[in-house]
Amino acid sequence: MDPMTPRKRLATVWLAGCSGCHMSFLDLDEWLIELADLAEIVYSPIASDTKTFPEGVDICLVEGGVANTDNLALIQRVRANSRVLVSFGDCAITANIPGMRNMLHGADPVLRRAYLELADGSGQRPHAPGIVPELLDRVLPVHEVVPVDLYLPGCPPSAHRIRTALEPLLRGDWPELSGPELIRFG
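Each residue of the sequence shown is one higher than the last, beginning at 0 in numbering that gives the first Met the number 0.
Possibly wrong hints are sitting among the right ones.
To be verified - If you anchor each label on the Cβ, the simulated ranges turn out as follows:
1) Arg-183 to Arg-6: 24 to 34 Å
2) Pro-125 to Ser-177: 17 to 27 Å
3) Asp-36 to Ala-113: 40 to 50 Å
4) Glu-143 to Pro-53: 37 to 47 Å
5) Gly-129 to Ser-18: 50 to 60 Å
6) Glu-33 to Ala-118: 45 to 55 Å
7) Gly-185 to Leu-27: 14 to 24 Å
8) Ser-47 to Gly-185: 37 to 47 Å
9) Thr-68 to Leu-115: 14 to 24 Å
I should point out that these hints are in silico values taken from the structure, not numbers from a laboratory. Backbone N, C-alpha and C define an ideal beta-carbon position, used for all residues, glycine too.
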């Protein structure tokens with residue numbers, strides 16, 4: 000990389016998901032060293048201690064669905080401050096496993112089942128406004144909340160798929176994702 004060319008500002012975000020997409024990101028292995036030359040990771044649950052999503056992010060990979068009020072506020076801030084937003088994995092694209100709670104038709108039945116019906120007799124529903132985020136009635140895929148620029152399917156996407164998407168974006172080009180190896184769900 001030309002030392003006069005500024006590195007891209009890269010972020011990753013983890014909403015309602017299992018962190019499998021971030022684990023797959025770490026499977027980039029040695030390419031992570033090259034990535035460090037191309038990008039400054041400015042926000043990530045695996046690489047930074049920053050608590051507030053920064054302004055001026057070039058590329059953001061978003062893992063997980065939007066399940067609670069904290070997720071909702073974060074994805075809105077992410078979109079407002081990211082040039083390219085990537086739905087990173089099946090949960091971000093379809094709500095996938097976290098979205099299975101949508102079959103219970105609302106937050107109340109989910110909380111009742113988890114904290115009262117399945118409790119050992121001393122159950123109580125959590126209620127701590129400002130500390131415990133409120134569940135949304137439905138887990139939403141990211142594109143139902145904010146515009147998405149690129150979809151990177153997989154549960155999780157393979158390291159190869161992640162690199163195939165990121166390398167062109169870091170050069171300022173658009174990735175060509177086609178064929179089952181790069182666009183298959185699951």
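Going through the hints against the structure:
{"no.": "1", "hint": "Arg-183 to Arg-6: 24 to 34 Å", "in the structure": "31 Å, holds"}
{"no.": "2", "hint": "Pro-125 to Ser-177: 17 to 27 Å", "in the structure": "45 Å, violated"}
{"no.": "3", "hint": "Asp-36 to Ala-113: 40 to 50 Å", "in the structure": "45 Å, holds"}
{"no.": "4", "hint": "Glu-143 to Pro-53: 37 to 47 Å", "in the structure": "25 Å, violated"}
{"no.": "5", "hint": "Gly-129 to Ser-18: 50 to 60 Å", "in the structure": "25 Å, violated"}
{"no.": "6", "hint": "Glu-33 to Ala-118: 45 to 55 Å", "in the structure": "50 Å, holds"}
{"no.": "7", "hint": "Gly-185 to Leu-27: 14 to 24 Å", "in the structure": "20 Å, holds"}
{"no.": "8", "hint": "Ser-47 to Gly-185: 37 to 47 Å", "in the structure": "30 Å, violated"}
{"no.": "9", "hint": "Thr-68 to Leu-115: 14 to 24 Å", "in the structure": "21 Å, holds"}
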